[in-house]
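Heads up: the protein sequence lines correspond to chains Z and D, in order. Following the numbering used here from start to finish, the first sequence increments by one per residue and tops out at 504. Following the numbering used here from start to finish, the second sequence increments by one per residue and tops out at 1487.
Hints were generated in silico from the structure; no laboratory data involved. One should not assume that every hint holds.
As the list claims (entries may be wrong) - In silico DSBU-like cross-links for lysine-lysine, where the CA-CA straight-line distance does not exceed 35 Å: (1) Z:199 / Z:60; (2) Z:160 / D:1358; (3) Z:104 / D:1370; (4) D:1159 / Z:104; (5) D:1376 / D:1159.
As the list claims (entries may be wrong) - Reference listing, derived: stretches of chain Z covered by chain D, where coverage requires no fewer than 3 residues with Cβ under 8 Å from a Cβ of chain D: (6) 62-72; (7) 124-133; (8) 167-174; (9) 479-492.
Quick reminder that beta carbons are idealized off the backbone N, C-alpha and C, glycines included.
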Amino acid sequence: MLLSTILFLPLIFALIVLIWPQDKTIRHVAFGLSIVEFIISLIVLKDFDASSAQLQMIEKHMWIERFGIQYFLGVDGISLWLVLLTTFLTPIIILASWNSIDTKIKGFHAAMFVLQTAMLGTFLAIDAIFFYVFWELSLIPMYFIVGIWGGARRIYATIKFFIFTMIGSVLMLVAIIYLMYLTQQASGHMSASLLEFYKVKIPFVGGSILNLQSLLFFAFSLAFAIKVPVWPVHTWLPDAHVEAPTPGSVILAGVMLKMGTYCFLRWVIPLFPDAAEYWAWLFLSLGVIGIIYGALVAMIQPDIKKLVAYSSVSHMGYIIVGMFVFNHFGITGSLYQMLNHGVSTGALFLLIGMIYERTHSREISKYGGLAGVLPIFTIFFFIITLSSIAVPMTNGFIGEFLILLGLHKAQPVYVYFAVTGVVLGAAYMLWMFKRVFFGEKGELVKDEKHPLKDLSVREIAVLVPLVVLVFWMGLFPNHFLDLTKSSVNHLVTNKNKYYLEIKE
Amino acid sequence: MKIDIGLADLIRISPMIAIFLASLIPLTSKLFNSNKEPSNLITLIQGLGGLIIGLVLLTVVGGSGETAFNKALIFDSLTLWMGIIAIVSAGAALIMMYENFSTNGNQFSELVFLALNSVVGMLILVSALDLLTVFIGLELMSLSLYLMIGMSHEEKLSKEAAFKYFVLGSFASAIFLYGTSFIYGTTGSTNLVTFMQEAVGLVQTNRLFLFGISFVILGFCFKVSIAPFHAWTPDVYQGAPTPHTAFMATAVKVVSFAALLRVIATKALVGSDGLFVVLQWLAVITMLVGNLGAIVQVNLKRMLAYSSIAHSGYILVGVITAGISDKGFFGASSVIFYLFSYCVMTIGTFAIVSILEKSEDHLVTLDSLKGLASKKPLHAFCFSLFLISLAGLPPALGFFGKFYLFNAAVGEGLIWLAVWGVINSVISVYYYLKPMVLMYMTEGEAEIAGHSLNATTVTVLASAVFIAILGVLSGPIFTAVEKSFIN
């Protein structure tokens, strides 16, 4: 019952928020409820058996018997940390939205909780149709969050986000239905369970795109690649990020992008190992292009938020590259980088939101000399910047190092291009840092009539958990990686005949 | 030929008899009351009562698989399910008629009479096994409808719509009859049962039979607005009073598809590759025309008309699947389930439009939705739910409808139709999102009609609850539909 509780509790919370009579206390209620959710999710961490690569804490009931569609939840080393990342970020986001969301507060918190259910469902569902329901459901609350509370071009951005993501996922639906018929051929009864899908041998012929496994591979990959987003289908991301309200950007960068990368590990690589191996060059190239392209475009952005958005494209490129080298280092690094990116980019968006609340501008050129005015803010921003550019002792270093190590072992050619991303990353982040925090005081900073206030206690409380994580994950990676090790080992060694067993 | 009509036959058509008798009550009471219009509420209750009795009788006597009147009518699962959907949709439309400006008032008893007779025609249509009986059902249904549209209190558009619908509907009937005559000429019978077995062979060997069956199918394509025979749909849907539009978009479409399904079930598609290919392309073209046409509309009803054309395309995919399937009744069941989900969301959507109409001449444009969410949060929420469901997003009912439909198509190897279907779902998202953008994300002074439309609001809420809940619980319903065919 534990996973069901975690999964559907936010939905109940959404209802509570909607019918809560007092407008003033909604934020407090929502924050309290999200903390409850986080604490319950910690039980999963406590009960998780790190030595096992099996699917744990499963819950399995028949849902639509005619097609063998099940209500099937389970967690293993690959999804564990993403579940916790989701429950961890939600209270932070709610706390951070305290001042920035000032209209339709009820609706916002309800949408946030529905979104939380959708994201958790994507990570926990082990049945294809059950998974697909959550995957698509996540679009609707996000659509409203960007569209209602977003910036000036919010409607364009949110429709673009919705349609881009949907284009990918509908083809995946057809592929899922096709796979269901394959299970029927293979075992006599139709099933949508991922474990049954793993057992199906899908014919593969190299050298051509028109073979069954490659077609299914691309139908799934397109859905996930758009979500990640992989260059060149990334264009919805900068728009959505820039127009989204701060909480929306944080949840988008922090968790929603990981839905794409997680699904590569959960669905694409184990289901279509031959095709994944054959087309790895494509995804490695796209990943590397994304790394460099994202970094170069980030460098010239006049808008801080857009800069961070493009840095996301770059960072997600690393994750894609790490997965498609299929070795232990790469995949561990990718998993770790998913968490890092969630923490550090999430924190960057929070910080940008905080300064935006004060000045209502994100133009880099209007800032300058902020360090002298807002020292606490500067310290936090600097720590997160270091994490983002992967300085040793911060979390980013571990992830990027493991990915590059894995890439070097498998495909050394790509490393020479990928490492330029590290340098470029440091360049655009530090350059931006210099322009915003040092030098002459910019027009917004020296405005005598509206002196800027440093961070409040609430804002510090928002940032401290993230900074703690930055160093914790940077200094003691094994606290986190020990729990994923057996699952990743299992995936790497049994990639071509992947199976998952159920832990009773 | 000896014709004898037994009591069993009369029992089997008791739903039709009951609804017909009920339709006379408001008219007669008006007559006895020195031609004074009785209270609309009483008329509504009489009409709904007739429908409910008909519904109960249908569930009792329908679905046995037996025929009546020398095999002119059949009462099998298709009759049962489609009949239920049609009667319930008609009931919801009646409720909307009671409160809509262009339909309530001093001719309401005549309107209810016509609506119930239209329902009788529908029940004949869903149970008809003989092409001539199909024609009778079709005409009874349509003639009542032409009059209903023409009776609108709105002065211009509705008259044009009624006339357009009448001319094009007659045209379609003529094509249908023309096809029937060819079928009679080649097989010596107009009864589907008699040539059911040979149809596969006949379409291959006998060109005249193929011609006949194609014309019969084309006649239906007019009725269910398959492109390129859809041109009347936007004008008629826009011009007709909104409750009638809901009536046409749901009940009329359901029963027309039911009859088409019976014709297709002769397996003519298996025999003729040409017909099979043409119908597939018609499905694709219909989806594209409907969805692309809807994108550019500014009038809400016109947009929904195009969206209903697109949905006809999706349903045609299911009909084709059912027509070539030899693996039981999966295809037919998926069509029934889709029609059911389509009816629930369409009734809800048009009920919202009906609520938004402030007078009989009021044209609801997309802009009049601006800011509805802050004025009427419940209506806006329900409307969003309908749109999400129409777009086929989970976990709404519409997603499961599409899932079963495309699942059946993939199962029969029609993957390319399923792919076209889902691509069209993406296109449709663009215009289904537009009203949501206007309601939630723009400021405005959206208003709903001055007086309180309680019954219509109840219809909206009931549809919303169905959509939210039945999707997740759709498995048992679908299995029940499919099982009823096998028994």
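Problem set entry | Hint check against the structure, violated hint numbers in rising order | Result: hints 4 and 9 break, sorted rising.
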